[in-house]
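These protein sequences, in sequence, are chains A and B.
If you count by the working numbering, then the first sequence holds residues 5 to 422, one letter each, in order.
If you count by the working numbering, then the second sequence holds residues 5 to 422, one letter each, in order.
Please note that the accuracy of each hint is not assured.
One copy or two, either will do: identical chains are not told apart, so a pair holds if it fits within one copy or between any two.
Claimed, not checked - Below, simulated DSSO-like cross-link-like pairs (lysine-lysine); rule was C-alpha separation at most 30 Å, straight line:
1) 108 x 91
2) 340 x 16
3) 198 x 300
4) 277 x 298
5) 340 x 198
6) 91 x 107
7) 216 x 16
8) 300 x 107
9) 191 x 340
10) 300 x 48
11) 91 x 191
12) 91 x 46
13) 277 x 63
14) 191 x 216
15) 300 x 63
16) 48 x 198
17) 340 x 298
18) 48 x 63
19) 91 x 170
20) 340 x 63
What the hints contain is simulated information worked out from the structure, not anything from laboratory work.
Protein chains: 2
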Amino acid sequence: MDIYDCILEKAKNANRAARTLSNMSTDIKNAALIKMAEELNKNKDDILKANMLDLEDAKSSGKNDAFIDRLTLNENRIESMASGLMKVASLPDPIGEVTRMWKKSNELNIGRVRVPLGTIGIIYEARPNVTVDAAALCVKSGNSVILKGGKEAINSNLAIYNAINKGAIEAGLPAGTIEFINMTERKAVEVLMKLNEYVDVLIPRGGSGLIKSVVENSTVPVIETGIGNCHVYVDSSADLTMAENIVINAKTQRPGVCNAMETLLVHEAVAEKLIPHLTETLSKMGVEIRGCLKTKRLIPDIRLATAEDYAQEFLDLILAVKVVSSLDEALDHIYKYGTKHSEAIITNDYTSSQRFLREVDAAAVYVNASTRFTDGEEFGFGAEIGISTQKLHARGPMGLNELTTIKYIVYGEGQIRE
Amino acid sequence: MDIYDCILEKAKNANRAARTLSNMSTDIKNAALIKMAEELNKNKDDILKANMLDLEDAKSSGKNDAFIDRLTLNENRIESMASGLMKVASLPDPIGEVTRMWKKSNELNIGRVRVPLGTIGIIYEARPNVTVDAAALCVKSGNSVILKGGKEAINSNLAIYNAINKGAIEAGLPAGTIEFINMTERKAVEVLMKLNEYVDVLIPRGGSGLIKSVVENSTVPVIETGIGNCHVYVDSSADLTMAENIVINAKTQRPGVCNAMETLLVHEAVAEKLIPHLTETLSKMGVEIRGCLKTKRLIPDIRLATAEDYAQEFLDLILAVKVVSSLDEALDHIYKYGTKHSEAIITNDYTSSQRFLREVDAAAVYVNASTRFTDGEEFGFGAEIGISTQKLHARGPMGLNELTTIKYIVYGEGQIRE
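Chain A with its partners taken away, still in its complex shape (with noise of 0.2 Å):
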């Protein structure tokens, strides 16, 4: 069978569990889940066999360690994916919920019911640990799912499906709810992004050039799970030592994820006194500073910034720091520079605070706090498949009910439109 008749045939077969899956109870789901767990538990040795595979190529090609620690599974991250899946069984099944109902002049009563996506394919890289995230996911919600991983992880990823699948078929799940594409040929991505007939929706997760691949090839809708270039603003009226902690947290607790902070921005009247000292505790912390011409008069053993750096998402730790003279020049840097992912502003002033909410457009904004808390959990919803960094369908922390839609019920008694 060549690759397009492959992807075409799991394509059709997600497609058709879709239709079966919308209906299943909540708790054949549960169970489902509850049992995926514990095959994944059970075949923990064939997995880290298989992910010995992965990473013996990962090292003899070179990858670096950054790399490898994203690809690398041991007991503990295989009992963490497992328990990942429990977590998931205990939340609140999204699927049933009428959000809305109301009734018309001419009596008919119209509801708006929240229904799974369909189907969901997953575009993902190295971390096996999406194998498991996404398929929890789909299900919970509803939806079947087709896993496309990088072909650094195949034999891990694999390894990892066939224990979950077995598990969500033996709970009664249908045949095709969770299908994998076993092959590392690029075009098996390019045919699955053209079936819109059978699927959905695309979510890439991974690096930009992976995201940005799927956004221009893809007929298929996509939810873009983008970069975050992150602003903090210490506003003049700010408390000092707030402005540090969450400088110093949304900087250093974990600088490799997109919600962490690139760019400190700082009004001009508190500069003196809040410049030198952060960015001393910063250094010590292993934090390179790059700052504008007033950050240099402040700390001048400091590389200047370029227009480069204040666009990049570093997802290190290097921080870009600007003076600016007013709310409106930090507004408009981030205006220029901002990614839309995550904003915050150290004020105690009420009327900066309301303009920052209100005229930043990002998909979450903060004030007084990190901007680190972008995220699923931190928001409430149990669980994430990704942030979306665009606007359509959804936006910010994704999770369970970001992989449903709408469909509208209509009660009548026999109206006919006049």
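For chain A, the structure is supplied; the task is to place chain B on it using the hints.
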């Protein structure tokens, strides 16, 4: 200036305007809509003159009557576009509504607030009223809009645009709020479909060729407003008088639109009582019947329906009929041939009604009512920019709310992530 630069500039203007518009007060937006209506009425003569040019071209190039009708403007139609603007002014402003707000255990207060999408591109064909409708809904929902109408209506659209844009600017909306692409080259649309940096969403409105082309070629997210192959299923327990009324309404009240019915499914237990009488009435109304073998046994003088007939959106006075032996067979038929638009069951059986509502996957599912109600106005949204047949972002009739997205606003007191 070449086409690329020209479209790019318009997109940048619209994008810049969106920033201001998103925080524009409801009062100013409403005042602008009223001024736009006034300018439309004031410039009636110019618009009608421009429309004459388009009509002459259309006639000399042999366009059919339906096309000419869609293109034709007269005083009444212009006045009705103006009252459309007034109507939108009177609708509630969707922007700024906090649809939910909750407190986390760390005392963060997280809210979901409704905000504009940003910049919306509308690609449409020969109906000049779309120029006004789309601009009205976008302005009210705080979005800037880029209008690209069909070349057959270019003079009419430009005259309309000049009038409403004058009103918008005079009322204080930023320049670029309503951009109009005054060119007929195919390349203009091609450029627009790739401007992800400046355009947040494209909504194609028109025939299936236009929609397919936009879905396939746009990298900007698209909301598909597609076809409706709608079914009415008459269950064995149906009130047959109600069934007749609904079928006649759904088929004949306005056969050329997407929520009109295309196929009638009849349970075999009531086929003999329903079909001959109902189809006689329909035939008298000019409806051509194409039926299955069982239908043909009841009314021999008809053409046998093919699979193509069941798959087709006739948009005409043609009805495909099929006798089924069970609700399951009806559900399977709808699953196979339906386009997930609007589907109805006529029944008095509780279980059948519940199963149909639950198991049919469509934007709108009806019990005992005509499919013709799938419409923003009829659903109570006050206005409609189109009917989405995809599942992402919006499904079914799209009103003002569907032209918005959300952002999370987070109120903290210095919280950092542990």
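Results of checking the hints against the structure:
no., hint, result
1, 108 x 91, "between (41 Å within a copy, 18 Å between copies)"
2, 340 x 16, "between (44 Å within a copy, 13 Å between copies)"
3, 198 x 300, "neither (51 Å within a copy, 40 Å between copies)"
4, 277 x 298, "within (13 Å within a copy, 87 Å between copies)"
5, 340 x 198, "between (34 Å within a copy, 20 Å between copies)"
6, 91 x 107, "between (38 Å within a copy, 21 Å between copies)"
7, 216 x 16, "both (26 Å within a copy, 21 Å between copies)"
8, 300 x 107, "neither (64 Å within a copy, 40 Å between copies)"
9, 191 x 340, "between (37 Å within a copy, 28 Å between copies)"
10, 300 x 48, "neither (53 Å within a copy, 62 Å between copies)"
11, 91 x 191, "neither (35 Å within a copy, 51 Å between copies)"
12, 91 x 46, "within (18 Å within a copy, 63 Å between copies)"
13, 277 x 63, "neither (48 Å within a copy, 75 Å between copies)"
14, 191 x 216, "both (16 Å within a copy, 23 Å between copies)"
15, 300 x 63, "neither (41 Å within a copy, 70 Å between copies)"
16, 48 x 198, "neither (35 Å within a copy, 46 Å between copies)"
17, 340 x 298, "within (20 Å within a copy, 67 Å between copies)"
18, 48 x 63, "within (22 Å within a copy, 73 Å between copies)"
19, 91 x 170, "within (19 Å within a copy, 57 Å between copies)"
20, 340 x 63, "neither (40 Å within a copy, 49 Å between copies)"
Violated hints, listed in ascending order, are 3, 8, 10, 11, 13, 15, 16, 20; each of the other numbered hints is respected by the structure.
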